[in-house]
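Per my numbering, the sequence shown starts with residue 8, numbered consecutively.
Please keep in mind that the hints were generated in silico from the structure rather than gathered at the bench. For every residue, glycine included, the Cβ atom is placed at its ideal position computed from N, Cα and C. Among the hints, erroneous ones may be present.
To be verified - Here are the computed lysine-lysine pairs in the DSSO-like style, where the Cα-Cα straight-line distance is at most 30 Å:
{"id": "1", "residue 1": "90", "residue 2": "33"}
{"id": "2", "residue 1": "90", "residue 2": "34"}
{"id": "3", "residue 1": "29", "residue 2": "90"}
{"id": "4", "residue 1": "84", "residue 2": "29"}
{"id": "5", "residue 1": "84", "residue 2": "34"}
To be verified - Now the in silico label distances, taken between C-beta atoms and shown as ranges:
{"id": "6", "residue 1": "15", "residue 2": "46", "range": "28 to 34 Å"}
{"id": "7", "residue 1": "12", "residue 2": "87", "range": "45 to 51 Å"}
{"id": "8", "residue 1": "23", "residue 2": "60", "range": "29 to 35 Å"}
{"id": "9", "residue 1": "46", "residue 2": "9", "range": "19 to 25 Å"}
{"id": "10", "residue 1": "89", "residue 2": "17", "range": "43 to 49 Å"}
{"id": "11", "residue 1": "90", "residue 2": "35", "range": "18 to 24 Å"}
{"id": "12", "residue 1": "62", "residue 2": "17", "range": "29 to 35 Å"}
{"id": "13", "residue 1": "78", "residue 2": "24", "range": "31 to 37 Å"}
{"id": "14", "residue 1": "21", "residue 2": "62", "range": "28 to 34 Å"}
{"id": "15", "residue 1": "81", "residue 2": "45", "range": "17 to 23 Å"}
{"id": "16", "residue 1": "26", "residue 2": "90", "range": "26 to 32 Å"}
{"id": "17", "residue 1": "87", "residue 2": "59", "range": "37 to 43 Å"}
{"id": "18", "residue 1": "37", "residue 2": "60", "range": "20 to 26 Å"}
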Amino acid sequence: MRLAYLQSCQGIHAPLRIIYEKNAVKKTQRLPFLPSSNIALETLEGRDEFIDFDDYIFTDPEEGIESIASPHMVMEKVLFSPKD
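Starting from the given sequences, assemble the full structure and let the hints guide the process.
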């Protein structure tokens with residue numbers, strides 16, 4: 008709905024730019040042993056202006072708990088694990 012309105016007002020470039028920005032932001036992540044909030048995607052979607060239950064209640068039991076493994080071991084596992 009919003010993208011169709013943008014296209015009718017500004018042309019095809021506006022919704023395409025937003026779609027490309029969202030895809031680029033989704034691909035960018037932190038290292039595997041660090042928690043990632045993906046705040047850039049929330050900003051692009053306009054979800055950064057409101058406080059929701061997910062902002063202060065952990066939905067993932069692993070989230071909020073520091074990783075016990077060393078960063079070097081985690082990266083070795085990610086980089087050198089056999090890919091299917």
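Each hint, compared with the structure:
no.	hint	result
1	90 / 33	holds, 21 Å
2	90 / 34	holds, 19 Å
3	29 / 90	holds, 27 Å
4	84 / 29	holds, 28 Å
5	84 / 34	holds, 20 Å
6	15 / 46: 28 to 34 Å	holds, 30 Å
7	12 / 87: 45 to 51 Å	holds, 48 Å
8	23 / 60: 29 to 35 Å	holds, 33 Å
9	46 / 9: 19 to 25 Å	holds, 21 Å
10	89 / 17: 43 to 49 Å	holds, 47 Å
11	90 / 35: 18 to 24 Å	holds, 21 Å
12	62 / 17: 29 to 35 Å	holds, 32 Å
13	78 / 24: 31 to 37 Å	holds, 35 Å
14	21 / 62: 28 to 34 Å	holds, 29 Å
15	81 / 45: 17 to 23 Å	holds, 19 Å
16	26 / 90: 26 to 32 Å	holds, 28 Å
17	87 / 59: 37 to 43 Å	holds, 38 Å
18	37 / 60: 20 to 26 Å	holds, 23 Å
Checked against the numbered hints listed earlier, the structure breaks none of them; every hint is satisfied.
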